[in-house]
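> Using the sequences provided together with the hints, build the complete structure.
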Amino acid sequence: MDFSGDHVARVRAAKEAAQREMESFGDPSEYDVVILQGQLKEEPVTPSQPPLDFESKPGEKD
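According to the numbering used here, the sequence shown holds residues 1 to 62 in order.
These are calculated hints, taken from the structure and not from any lab test.
Pair ranges (Cβ atoms, derived): (1) Val-33 <-> Gly-5: 37 to 45 Å; (2) Glu-30 <-> Gly-5: 38 to 46 Å; (3) Arg-10 <-> Asp-53: 54 to 62 Å; (4) Asp-6 <-> Leu-40: 45 to 53 Å; (5) Gln-49 <-> Ser-4: 52 to 60 Å; (6) Phe-54 <-> Val-33: 54 to 62 Å; (7) Pro-51 <-> Gly-26: 48 to 56 Å.
In this text the structure is predicted, and so the values were computed from the model without any measurement. Virtual Cβ for every residue (Gly too), placed ideally from N, Cα, C.
If you want it as structure tokens, here you go:
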């Protein structure tokens, strides 16, 4: 594998940018943590298009 200095520098820069972005949110203790619990109810899926009725021509098999 090629671990040239350019790749290492790019990874370090990306790591530093990610760290700055995470720190921009401030202290986690300043936020309210809400945990949602429950069961997911599946809603019936309604077709977006009515069913198509195909008519067979005389002599064709179904």
